[in-house]
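Once you have looked at the hints, place chain R on chain G.
There are 2 protein chains.
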Amino acid sequence: MSAAADPLPAEFALIARHFRPLAGAGALELGDDAALLSPPAGRELVLSADAMVAGVHFLENDPPDLVARKLLRTNLSDLAAMGAAPLGYLLTVSAPKTTDDAWFAGFAAGLATDQEEFGVALLGGDTTATPGPVSLSLTILGHVAPGRAIRRRGALAGDELWVSGTIGDAALGLCALRGEVADADGFLAGRYRLPRPRLSLGQAVTALVHAGLDVSDGLVQDAGHLCRAAGLTAVIEAASVPLSPAARAASRLELCLTGGDDYELLLAAPAEAAEALRRAAETAGVPLTRIGRFMAGPARVEVLDAAGRPMPLARPGWSHFG
Amino acid sequence: MSAAADPLPAEFALIARHFRPLAGAGALELGDDAALLSPPAGRELVLSADAMVAGVHFLENDPPDLVARKLLRTNLSDLAAMGAAPLGYLLTVSAPKTTDDAWFAGFAAGLATDQEEFGVALLGGDTTATPGPVSLSLTILGHVAPGRAIRRRGALAGDELWVSGTIGDAALGLCALRGEVADADGFLAGRYRLPRPRLSLGQAVTALVHAGLDVSDGLVQDAGHLCRAAGLTAVIEAASVPLSPAARAASRLELCLTGGDDYELLLAAPAEAAEALRRAAETAGVPLTRIGRFMAGPARVEVLDAAGRPMPLARPGWSHFG
Numbered sequence: 001m002s003a004a005a006d007p008l009p010a011e012f013a014l015i016a017r018h019f020r021p022l023a024g025a026g027a028l029e030l031g032d033d034a035a036l037l038s039p040p041a042g043r044e045l046v047l048s049a050d051a052m053v054a055g056v057h058f059l060e061n062d063p064p065d066l067v068a069r070k071l072l073r074t075n076l077s078d079l080a081a082m083g084a085a086p087l088g089y090l091l092t093v094s095a096p097k098t099t100d101d102a103w104f105a106g107f108a109a110g111l112a113t114d115q116e117e118f119g120v121a122l123l124g125g126d127t128t129a130t131p132g133p134v135s136l137s138l139t140i141l142g143h144v145a146p147g148r149a150i151r152r153r154g155a156l157a158g159d160e161l162w163v164s165g166t167i168g169d170a171a172l173g174l175c176a177l178r179g180e181v182a183d184a185d186g187f188l189a190g191r192y193r194l195p196r197p198r199l200s201l202g203q204a205v206t207a208l209v210h211a212g213l214d215v216s217d218g219l220v221q222d223a224g225h226l227c228r229a230a231g232l233t234a235v236i237e238a239a240s241v242p243l244s245p246a247a248r249a250a251s252r253l254e255l256c257l258t259g260g261d262d263y264e265l266l267l268a269a270p271a272e273a274a275e276a277l278r279r280a281a282e283t284a285g286v287p288l289t290r291i292g293r294f295m296a297g298p299a300r301v302e303v304l305d306a307a308g309r310p311m312p313l314a315r316p317g318w319s320h321f322g
Numbered sequence: 001m002s003a004a005a006d007p008l009p010a011e012f013a014l015i016a017r018h019f020r021p022l023a024g025a026g027a028l029e030l031g032d033d034a035a036l037l038s039p040p041a042g043r044e045l046v047l048s049a050d051a052m053v054a055g056v057h058f059l060e061n062d063p064p065d066l067v068a069r070k071l072l073r074t075n076l077s078d079l080a081a082m083g084a085a086p087l088g089y090l091l092t093v094s095a096p097k098t099t100d101d102a103w104f105a106g107f108a109a110g111l112a113t114d115q116e117e118f119g120v121a122l123l124g125g126d127t128t129a130t131p132g133p134v135s136l137s138l139t140i141l142g143h144v145a146p147g148r149a150i151r152r153r154g155a156l157a158g159d160e161l162w163v164s165g166t167i168g169d170a171a172l173g174l175c176a177l178r179g180e181v182a183d184a185d186g187f188l189a190g191r192y193r194l195p196r197p198r199l200s201l202g203q204a205v206t207a208l209v210h211a212g213l214d215v216s217d218g219l220v221q222d223a224g225h226l227c228r229a230a231g232l233t234a235v236i237e238a239a240s241v242p243l244s245p246a247a248r249a250a251s252r253l254e255l256c257l258t259g260g261d262d263y264e265l266l267l268a269a270p271a272e273a274a275e276a277l278r279r280a281a282e283t284a285g286v287p288l289t290r291i292g293r294f295m296a297g298p299a300r301v302e303v304l305d306a307a308g309r310p311m312p313l314a315r316p317g318w319s320h321f322g
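So the sequence lines, in the order shown, correspond to chains G and R. In this text, residue positions in the first sequence follow my numbering: the first is 1, and each later residue adds one. In this text, residue positions in the second sequence follow my numbering: the first is 1, and each later residue adds one.
One chain only, chain G, in its complex shape:
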């Protein structure tokens, strides 16, 4: 008897059906051991990897297309934070053997939608079974002009602190999905499920800012990263932090300041860059709001209320191993 090369085992059929249509140039149709990529000449590569686990980073019954798009977008947000342009991504999916084909189809459809929107393609990856919850990992590749990536370190005393978009919607959205916060039109839940990586804005401000990152673990905690990297104190005026109408209505200011999943850009820039930043934000179609400043002092974040008094905060942000 001979072992026929066809039919393929189910794992390969699954990859061929759902993931091969997502494969970009260099992915070799996901048929080789690795992808081949000619990096853009004269550019630095920017690389980041994030994991997402069902029950931790998304809800078990979340629509699979939104799960896929959130995974891709949180990684794209890391590129945005560095001021990089996206190139492509690798993906590993560990799923229970009972996962039905519709889940994979929805997951792949979400990736297809966002590949189109953000101009990236799948380069490679792996699909395995797990006795646990769905576990996803995505590695994103981007590129930036040499030496021009936005770094966390570099803020100077006197720099102003800016943030894109609105803050707190995603944290409130998670509360809304749990039934703890009203969200009649689904705006908050949408912000939790579908981050908007600020790629255009990030690329537009690389020459204007001294430092920056994306807000993923909570505004205050992430501002703390800039403080530590610079050895400076940051003062945030809570009343200046941009809130959506839905977030204002929720009246959960502390949650907004410390909740995670915003995926907005937090930037340190000299005062003289203010006008250029506003123009860049207008071009990118994303609001950019000045919310505080850096000053000499110990590496910490001070949050002031509307009257200029220090605000008590129970915790600065989110940690997985707390």
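Since the hints were derived computationally from the structure, they do not count as laboratory data. All values derive from a computational prediction rather than experimental measurement. Each residue gets a CB set at the ideal place from its N, CA and C atoms; glycine is no exception. What you were told as hints is all true, and nothing was included just to trick you.
Ranges between beta-carbon positions, derived for each pair:
#1 G:E275 / R:T113: 49 to 59 angstroms
#2 R:R148 / G:G42: 16 to 26 angstroms
#3 R:R278 / G:G42: 40 to 50 angstroms
#4 R:A25 / G:G186: 39 to 49 angstroms
#5 G:R196 / R:G158: 55 to 65 angstroms
#6 R:S38 / G:A307: 47 to 57 angstroms
#7 G:E275 / R:A105: 45 to 55 angstroms
#8 G:R315 / R:E29: 20 to 30 angstroms
#9 G:G154 / R:S38: 15 to 25 angstroms
Below, chain R without anything else, positioned relative to chain G:
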């Protein structure tokens, strides 16, 4: 009250303690949103990602240093299969909150050992909690001269089929760890737990072979990939397949031919390359054995016994979603 930037939450402390010492140039000490890498000028990048889950790809009580080394080595084997030289890697670790510090310390120590052995460094990644088993994902980056990567497609009728090292030890090693096969000196278990990526050999044969891959899902199934990519029949002479003394003693030939986790190179090369292949193997310090040939015919693998009769095989190899 102010939110002090120090002390850091436990997740950051864990990364600083165990993973920052592994960070290479470009990883920015794992302190930024992404890594920066200047790709080697005039080279193609080679990229691959693999996932490993406790209870599926390794045993729950496997020593964490060996788990880490297996994860890194299976990815390095993908580079070896393409004839690429390693550059660096990104890693995501999803672990139960109860995972103790000693596990992470052992895991990182294993990575440190193999970083030294294979000349790679950690570029970035993510650490998250999971309610399920430990789930790992690693993306490897390598480089190769443009157009010189070994591909799965390209075998020609008349090409000979070669395989490196010995086949079946890892599948028998898993049986040994389950107590089903004798393994007094632990050789078989060692081959299961610690693959040996054939990086030097892969790089040495890029100009000699028409096609190749690494044997991860079983010799017969992986030979089938070369057949499908070329539209050819492969004939494997079972008696020629190189077995270790321990594998010969086990007398489980079918398991050896179809079990996974070998991470040896399977290569298609013209007959006139035989002498150069032997010299390359000698230089790399890895045996290379001719085990069959490609011929015109339907895309399938025929396995012949010592008498030249077709061997019955229950299944060609390993699939996660069967």
